[in-house]
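Visitor: The residues making up each chain are set out below.
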Amino acid sequence: MAGSLVLGALQVAGTLLLAPLLFGVTKRVKARLQYRRGPSLLQPYRDLAKWWRKESVESDAASPLTAAAPAIVLASVVVATFLVPMVGIVPPLDGWGDLLVVIGLLALGRFVLALSALDAGSAFGGMGSSREVAIATLVEPALLLALAGAALAARSTDLGTIAGVGQAAGLSWYTPALLLSAAAFAIVAVAETGHEPVENPDTHLELTMIHEGMLLEASGPRLAILMYAAELKLVLVAGLFGAAFLPVGLARTASPVEILVALGATLAKVAGAAVALGILDATLAKMRILALPGLLTTASLLGAVGLAVRLWLPS
Amino acid sequence: MPIDAIPALIAALLALSFLSAVAPVSRWNRRPIALVLAALASVAIALLGLAALTGGTPVMVEAGTVLGFAVIHVRYDPLAGLFMIALGTVGMASSLFGIGYEGGDSHGAGPDRTRAAYPVFLASLALVFGADDAFAFLLAWELMALSSAVLVVGARPGPEVARTGYLYLTLTHLATAALVVGFAVIAATAGSTDFATFGSAAAALPPTARGVVFVLLLVGFGTKAGAIPLHVWLPRAHPVAPSHVSALMSGVMIKAGIYGIVRFGLEILGPGPEWWGLLVLSIGVASAVLGVLYALMEHDLKRLLAFHSIENIGIILIGVGVAMLAYADGAPALAGLALTAALFHTFNHALFKSVLFLAAGSVQAAARTRDLNILGGLARAMPVTAIAFGIGAGAISGVPPLNGFASEWLTFQGLIGAGGTEALSLLARAAALLAVAGLALTTALAVACFVKATGMTFLALPRGQGAAGAGETSRSMGGAMIGLAVLCIAVGVGAGPVAGMIAGIAAGPLHLGPVAAGGIAAPVAGLQAVYAAAPIALLLAAVAGIAWLVGIRPRTVRRVPTWTCGIAPEPAFEYTATSYAKLIRLYFGPILRPAREVTVEMHAGTPFPRTVRYDGRVSHVIDERLYGPLHRAAVGGAQLVRRLQSGSLQLYLAYAVTTLIVLLLVAR
Numbered sequence: 207m208a209g210s211l212v213l214g215a216l217q218v219a220g221t222l223l224l225a226p227l228l229f230g231v232t233k234r235v236k237a238r239l240q241y242r243r244g245p246s247l248l249q250p251y252r253d254l255a256k257w258w259r260k261e262s263v264e265s266d267a268a269s270p271l272t273a274a275a276p277a278i279v280l281a282s283v284v285v286a287t288f289l290v291p292m293v294g295i296v297p298p299l300d301g302w303g304d305l306l307v308v309i310g311l312l313a314l315g316r317f318v319l320a321l322s323a324l325d326a327g328s329a330f331g332g333m334g335s336s337r338e339v340a341i342a343t344l345v346e347p348a349l350l351l352a353l354a355g356a357a358l359a360a361r362s363t364d365l366g367t368i369a370g371v372g373q374a375a376g377l378s379w380y381t382p383a384l385l386l387s388a389a390a391f392a393i394v395a396v397a398e399t400g401h402e403p404v405e406n407p408d409t410h411l412e413l414t415m416i417h418e419g420m421l422l423e424a425s426g427p428r429l430a431i432l433m434y435a436a437e438l439k440l441v442l443v444a445g446l447f448g449a450a451f452l453p454v455g456l457a458r459t460a461s462p463v464e465i466l467v468a469l470g471a472t473l474a475k476v477a478g479a480a481v482a483l484g485i486l487d488a489t490l491a492k493m494r495i496l497a498l499p500g501l502l503t504t505a506s507l508l509g510a511v512g513l514a515v516r517l518w519l520p521s
Numbered sequence: 052m053p054i055d056a057i058p059a060l061i062a063a064l065l066a067l068s069f070l071s072a073v074a075p076v077s078r079w080n081r082r083p084i085a086l087v088l089a090a091l092a093s094v095a096i097a098l099l100g101l102a103a104l105t106g107g108t109p110v111m112v113e114a115g116t117v118l119g120f121a122v123i124h125v126r127y128d129p130l131a132g133l134f135m136i137a138l139g140t141v142g143m144a145s146s147l148f149g150i151g152y153e154g155g156d157s158h159g160a161g162p163d164r165t166r167a168a169y170p171v172f173l174a175s176l177a178l179v180f181g182a183d184d185a186f187a188f189l190l191a192w193e194l195m196a197l198s199s200a201v202l203v204v205g206a207r208p209g210p211e212v213a214r215t216g217y218l219y220l221t222l223t224h225l226a227t228a229a230l231v232v233g234f235a236v237i238a239a240t241a242g243s244t245d246f247a248t249f250g251s252a253a254a255a256l257p258p259t260a261r262g263v264v265f266v267l268l269l270v271g272f273g274t275k276a277g278a279i280p281l282h283v284w285l286p287r288a289h290p291v292a293p294s295h296v297s298a299l300m301s302g303v304m305i306k307a308g309i310y311g312i313v314r315f316g317l318e319i320l321g322p323g324p325e326w327w328g329l330l331v332l333s334i335g336v337a338s339a340v341l342g343v344l345y346a347l348m349e350h351d352l353k354r355l356l357a358f359h360s361i362e363n364i365g366i367i368l369i370g371v372g373v374a375m376l377a378y379a380d381g382a383p384a385l386a387g388l389a390l391t392a393a394l395f396h397t398f399n400h401a402l403f404k405s406v407l408f409l410a411a412g413s414v415q416a417a418a419r420t421r422d423l424n425i426l427g428g429l430a431r432a433m434p435v436t437a438i439a440f441g442i443g444a445g446a447i448s449g450v451p452p453l454n455g456f457a458s459e460w461l462t463f464q465g466l467i468g469a470g471g472t473e474a475l476s477l478l479a480r481a482a483a484l485l486a487v488a489g490l491a492l493t494t495a496l497a498v499a500c501f502v503k504a505t506g507m508t509f510l511a512l513p514r515g516q517g518a519a520g521a522g523e524t525s526r527s528m529g530g531a532m533i534g535l536a537v538l539c540i541a542v543g544v545g546a547g548p549v550a551g552m553i554a555g556i557a558a559g560p561l562h563l564g565p566v567a568a569g570g571i572a573a574p575v576a577g578l579q580a581v582y583a584a585a586p587i588a589l590l591l592a593a594v595a596g597i598a599w600l601v602g603i604r605p606r607t608v609r610r611v612p613t614w615t616c617g618i619a620p621e622p623a624f625e626y627t628a629t630s631y632a633k634l635i636r637l638y639f640g641p642i643l644r645p646a647r648e649v650t651v652e653m654h655a656g657t658p659f660p661r662t663v664r665y666d667g668r669v670s671h672v673i674d675e676r677l678y679g680p681l682h683r684a685a686v687g688g689a690q691l692v693r694r695l696q697s698g699s700l701q702l703y704l705a706y707a708v709t710t711l712i713v714l715l716l717v718a719r
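Each protein sequence line maps, in turn, to chains P and F.
Number 521 marks the last residue of the first sequence (our numbering); no jumps.
Number 719 marks the last residue of the second sequence (our numbering); no jumps.
By construction, these hints were calculated from the structure, which means they are not laboratory data.
None of the values given here were measured: they were computed from a predicted structure.
It is possible that some hints are incorrect.
Said to hold, decoys possible - Keeping only pairs whose Cα atoms sit at most 20 Å apart, straight-line, the calculated SDA-like set for lysine to any residue is:
id, chain 1, residue 1, chain 2, residue 2
1, P, K256, P, L223
2, P, K260, F, W599
3, F, K633, F, T650
4, P, K256, F, V601
What the hints assert, rightly or not - From the derived model, a few chain P residues whose C-beta atoms are all more than 10 Å from chain F:
id, residue
5, V212
6, A215
7, A219
8, L227
9, P245
10, K256
11, A375
12, S378
13, P382
14, L385
15, P403
16, L411
17, R458
18, V467
19, L490
20, T504
The beta carbon of each residue, even a glycine, is placed where N, CA and C say it ideally should be.
Start from the sequences, fold in the hints, and give me the full structure.
Guide: So, in structure tokens, the structure goes:
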């Protein structure tokens with residue numbers, strides 16, 4: 207009991223503190239691949255601090271939702287992060303919710319953010335908001351199909367159980383069916399976190415913005431909260447991938463060795479995701495928004511094939 | 052007061068309500084009296100439902116005879132009790148809302164006698180859920196159809212509304228005809244119209260006959276529920292009715308179809324062959340996906356909500372379909388879970404859909420329009436309506452910690468559980484897993500649709516005159532909406548105990564023993580999962596509260612006009628409902644087949660446009676491909692038959708003589 211408390215506390219502190227750093231890693235990788243030096247790894251922290259000190263400016267057309275939305279968006283991502291096992295084999299909030307709850311909390315964040323983007327009555331907010339919800343309709347089926355693959359393999363939708371079964375199975379966890387599901391998840395993870403080829407996270411060109419478009423009217427501490435939520439969401443998605451498809455290294459007890467292994471493994475996994483996204487950002491061009499169904503339904507198909515393989519070719 | 056007296060009390064209150072509505076103009080005919088009585092009757096209905104649910108033994112009453120020969124048996128068991136609680140709750144809110152809504156309604160200056168159909172409608176619904184005899188059931192069913200038709204057509208008679216009413220009546224009667232035949236087949240074997248005898252009679256039917264009866268009942272109940280492809284009446288009828296009637300129709304009446312499918316398809320016809328479950332599951336997925344897609348394409352707020360009813364009926368039927376598959380293949384725990392999901396979603400939909408319809412009515416009353424493209428900015432003018440609609444929108448979009456998420460979570464569990472249950476055939480398991488993708492698509496589309504509906508109605512600047520001049524509506528309307536919205540939150544946060552109670556109800560139709568109230572964390576079919584709704588809700592509130600107190604509330608805020616690249620902001624710069632859905636319209640183009648027409652008029656002799664008109668529409672596949680040919684065939688057939696009808700007396704006499712001769716020859 208005390209052991210799982212230690213592991214949970216480590217995860218909570220680690221994810222909340224290191225989320226901006228990973229954002230910095232992605233930006234740095236992208237810059238290096240473009241022969242730029244790039245900003246410091248600590249730049250995301252400095253940005254957050256800068257916004258935190260500034261005043262908020264809001265549209266005179268806005269309703270109270272504009273003020274409330276950042277708090278709800280942050281809460282949805284924070285609680286979801288606590289449901290994913292990243293250090294211990296069970297998540298900090300063991301028994302509170304399974305992977306469907308994590309997906310539901312992401313939907314809560316998206317619902318509130320997309321709604322608040324409409325509040326100022328700017329065309330850019332509407333643009334970002336409508337694109338976000340439209341792309342989500344392509345992402346969500348693939349996400350569920352992919353995670354259903356892992357859930358069926360472990361016979362549970364509980365992420366702690368999935369990670370536990372997966373770790374205990376060792377190499378036999380990585381069946382062809384699971385690898386197909388993992389591939390499907392990897393594709394939609396890129397869309398869910400807003401990276402190339404779905405979205406350019408650094409864009410400030412109005413016509414290509416999605417997430418940035420929804421944040422355009424936010425400023426000061428509210429912008430800081432929303433950006434921090436986006437940074438934390440990257441950790442969450444990477445952690446979800448790790449728990450469901452690559453559950454190596456997670457600690458079963460709070461012994462120092464296991465904790466060190468777990469921290470190392472998780473940092474490697476999450477940093478790997480950040481580096482991979484940086485490489486994608488630097489090497490891929492943004493796809494036309496009308497071409498996205500091609501990419502994202504491919505993910506759905508991979509997920510469906512993964513499930514079909516699981517049903518018809520049980521190993 | 053003895054429980055057995057409640058039905059009589061309900062009947063008396065509704066009869067008084069009816070009388071006060073038809074009474075000659077006097078002080079007894081004032082608008083609120085009938086509705087206050089209906090609200091009181093609704094309280095009694097909810098109490099009866101609670102008694103039936105928790106009492107252990109069903110509430111049974113024998114209530115006289117029809118035309119002196121058929122005894123009306125009424126029996127409220129836990130399953131009926133759940134629907135009665137939904138009816139009572141929505142009835143209370145709708146009646147309360149109606150007091151303010153009809154009071155401020157400028158359509159009928161004098162007393163509107165069609166309002167007398169309202170208590171009849173409530174009574175017929177209460178009787179449908181309790182009827183324990185085919186006669187009583189069909190009587191109540193017809194009364195429900197007719198009284199709701201009067202309410203749909205009565206408020207604003209006109210050619211278009213009359214057409215809607217005609218379509219509604221036609222389809223509802225075709226559905227009733229299917230039910231009559233289905234019941235007749237069982238009753239002929241049973242030798243009785245009493246539902247108590249139907250179970251064993253249905254089991255004695257040959258498999259083909261059982262299959263035919265199942266399809267007939269599915270057509271009958273599916274039409275009432277608005278399941279695709281039997282839905283065509285629903286998006287036309289619901290928007291026309293007064294909003295508190297729409298709330299009852301969408302919140303409760305279409306659930307009578309679900310009640311019928313569960314009562315007769317599962318409980319009485321018992322475990323059927325696999326194709327029953329597969330059929331219901333496919334209808335569910337088709338209704339869910341197409342319903343929400345068409346909803347997204349709407350910019351009439353109430354039509355949008357009506358299409359969402361089709362979507363949610365689809366989600367409910369997905370649960371029912373999985374329950375049927377699992378029941379047929381001997382996986383009782385999974386069947387229990389899936390049916391719990393379906394019944395829970397039925398109840399939740401009654402709550403959140405009625406709050407949405409009531410809020411839409413409030414918007415219409417205040418802004419005099421339902422067109423999302425000319426609404427907007429109402430959040431500041433109508434905060435109560437905005438909050439109620441927002442909570443309903445979150446609930447129907449399936450976001451935690453609201454009630455819609457809890458039942459969708461259970462439905463997902465049922466589908467993934469079916470995928471992992473070896474007792475089911477490979478085909479059934481594959482279908483369930485494909486339905487996972489369908490349900491995921493549905494929830495994502497629902498989020499898109501309700502961001503659109505909420506944002507276009509309540510946020511940004513008003514896009515039209517009506518919205519600009521709107522103000523909050525009456526207290527009774529606000530109270531009704533807030534009450535339902537609070538219930539959406541309460542049932543969502545208390546999802547565990549509520550689901551446990553509903554699991555007990557689901558045991559009845561599946562003939563399972565008493566189910567331990569394991570709640571929403573019950574392990575099913577080897578599938579372990581958990582959703583602790585209340586702690587999650589508390590933690591969400593705590594984190595959001597801290598962020599609010601530290602980062603948002605104490606900061607200085609400067610309010611300035613929205614930056615629109617240097618020109619003064621105008622509502623015309625905002626996204627509209629049509630533009631918001633454009634990307635989805637293009638993504639799902641192969642299904643929606645959008646068409647548009649852009650007309651540009653130039654200033655004479657110049658290349659400068661004077662006016663640009665945009666006209667866009669999507670095609671409704673089922674309407675065009677299925678009902679279009681059916682309609683043409685019916686009209687063509689009628690034309691053919693008309694040739695026989697010359698109107699000449701001699702010709703008719705010739706027909707009679709010919710028929711007589713043929714009969715004599717045949718019957719010789």
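Visitor: Mind verifying the non-interface call on A215/P? Its CB should be farther than 10 Å from each CB in chain F.
Guide: holds, 15 Å
Visitor: Say whether it holds or is violated: V467/P keeps its Cβ farther than 10 Å from all Cβ of chain F.
Guide: Holds, because the least Cβ-Cβ distance between V467/P and chain F comes to about 27 Å, which exceeds 10 Å.
Visitor: Does the claim that K256/P lies outside the interface with chain F hold up, using a Cβ gap greater than 10 Å?
Guide: holds, 14 Å
Visitor: Hey, does S378/P actually stay past 10 Å from chain F on C-beta?
Guide: Since the minimum Cβ distance to chain F is about 18 Å, S378/P lies beyond 10 Å and the statement holds.
Visitor: Holds or violated: is the Cβ of R458/P farther than 10 Å from all Cβ atoms of chain F?
Guide: holds, 18 Å
Visitor: K633/F and T650/F were given as a pair; does the straight-line alpha-carbon distance stay at or below 20 Å?
Guide: It holds: about 19 Å lies between the C-alpha atoms, which stays within 20 Å.
Visitor: Would you check whether the claim that P403/P is not at the interface survives, using Cβ distances to chain F and the 10 Å cut-off?
Guide: holds, 17 Å
Visitor: Hinted pair, alpha-carbon criterion (20 Å max): K256/P, L223/P. Please report holds or violated.
Guide: Holds, at roughly 17 Å.
Visitor: Please confirm whether V212/P is truly not at the interface, meaning its C-beta sits more than 10 Å away from all C-beta atoms of chain F.
Guide: holds, 20 Å
Visitor: Hint check: K256/P vs V601/F, CA-CA at most 20 Å. Holds or violated?
Guide: Distance of about 16 Å is within 20 Å: holds.
Visitor: Grab the minimum beta-carbon distance between L385/P and chain F and tell me whether it stays above 10 Å.
Guide: Non-interface label on L385/P holds, nearest chain F Cβ at 18 Å vs cutoff 10 Å.
Visitor: Could you let me know if the closest chain F CB is still more than 10 Å away from the CB of A375/P?
Guide: holds, 16 Å
Every hint, counting from the list given before, is met by this structure.
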